[in-house]
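Line by line, the protein sequences are chains A and B.
Going by this note's numbering, the first sequence opens with residue 1, and the numbers climb by one from there.
Going by this note's numbering, the second sequence opens with residue 1, and the numbers climb by one from there.
The hints are all genuine.
Here are the in silico distance ranges between beta carbons for each label pair:
id : chain 1 : residue 1 : chain 2 : residue 2 : range
1  : B       : R64       : A       : N104      : 53 to 63 Å
2  : A       : D20       : B       : E189      : 57 to 67 Å
3  : A       : E134      : B       : E103      : 34 to 44 Å
4  : B       : A161      : A       : V41       : 19 to 29 Å
None of these hints come from the bench; they were simulated from the model.
Here a beta-carbon is modelled for each residue, glycine too, at the ideal position from N, C-alpha and C.
Here is how the chains run, residue by residue.
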Amino acid sequence: MSLQAWLANQWLTSHRSSRDEVRALLAVADRDLHDATVHEVSVDARHHFAYNAALQLAHAALAASGYRAARDGHHVRTINSLRFTVGLDAQSVRRLDTARKRRNHAEYDAAGLISEAEVEEVLGLARALRQRVEEWLRAEHPGLW
Amino acid sequence: MGTIEAALFSKTRAAVLGLLFGRSDERFHLRAIVRAAGAGMGSVQRELKTLDAAGLVDRIAEGRQVYYRANARSPVFGELRALVAKTVGMGSVIRTALEPLAERIRVAFIYGSGARGELTAGSDVDVLVIGSVAFGDVAEALHDTQERLGREVNPSVFTPAEWVHRVRGGDHLASALMRGERLFVIGDEHELAGVVGESVVDEPSQQS
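So that you can see chain B by itself, here it is in the shape it has in the complex:
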């Protein structure tokens, strides 16, 4: 089965809509949108121009700065926001839900079909959280996102030390997850490498 988002949106449009409608109560600087979309300035500007012309987004000029935000007065605002939440805006929805716990989270990312952009009707969203936060608090924080996303959200929570222990111990699932696609919601690849690297230094080598 193909993905819903690929059928509906180009890659750049999906990224722009995902950011603006996934976090529809915020406005974003053009450069932030380009960065999040991982596309060229030119193609992002073209998308924004199209979306602005259709009244789907607002362009806000303040001095020399230009910002964009989802236009809540658009007649399809609610529908588009819901569609985005269920498809491309998933990362934003998860990130917003985890935000109150962010101080206790080093890295959090979506893995599996959600990270590969291959979610189908019955897929769950699998999330790995590494930090000093309790599993129950994460599950509680993510509980309401399930209704918004129309999917079950399945978190796993590890301390940095236990995660490294799993990866180094050759745990099949942990290793597969480290090799697979990741969609970061808190932290990034650099931070993840830091978590693994630090703990490796802390722990004596198991090899003789």
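Bound-form chain A, shown alone:
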């Protein structure tokens, strides 16, 4: 599979990104990375912010690559596209995808208890991704950085 194959499946649409767009997405990610550390709010809220930071970073990398996720399955495609955009390892992608499912559980189900340690793990993944996306943009898409 590749992003071209995803495009053929209509999982993605073509997209022309800009430096402003990439900067705006990274700014949202930075804001969420910060909000995920605010201990006055609930653990579920912090998990939401940590996951959303990762989602925005994945979105930025996908946009820089010339794509957007189609409306159906937007989150799952965006997170899983990290393998093809910044070349994120399979285990990290799987863990971020688990965070996506956990967020759905926490928001829509009675179950889905999230612990402090789980939030810290997602936050660690999101912080590492922040650095990786920046390095990748500088190297591969200097015009968008």
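Got chain A sorted already, so can you dock chain B onto it with the hints?
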């Protein structure tokens, strides 16, 4: 909607099949099967006799000890094992997946519809793990069970201290879970009570 397992198996047969086909690469002493089934010796022996006569299980006599195991040469072995995994053998499948992490897990149990034996087609399997293990490691370990069970497996992982803090702090979900049905895969009620009790002693009372 009724449960699949209740429609197909009696309670004792479900328990016996769940153990033998849920852990089909192991053999079990008669007494271990009786204990796991939570039924009388007589009714478990009758089930085993029926299953043995049909060639579904093997009876292995070693000296005075008698063991049973799933018969992998039965023409329906694969189908029965898959059926059991998706219904009554769920606990075994989850337990086997968590085994490599067991040293870092005090207690792990299935809760919600899976523990009540009320899983329907769309139900997830909810698992609570209490220990010093990382969430990512548990999620990773349980990842492949989802395909085997044909369901999403949704773990939550807490340290003993955080779990007690949640329960004592009146957290709605944690309290509801402590009142509900539990299907233990690692540890038991006694161990869970120990986790909660110890940490209560460690933490000063919040009440004034």
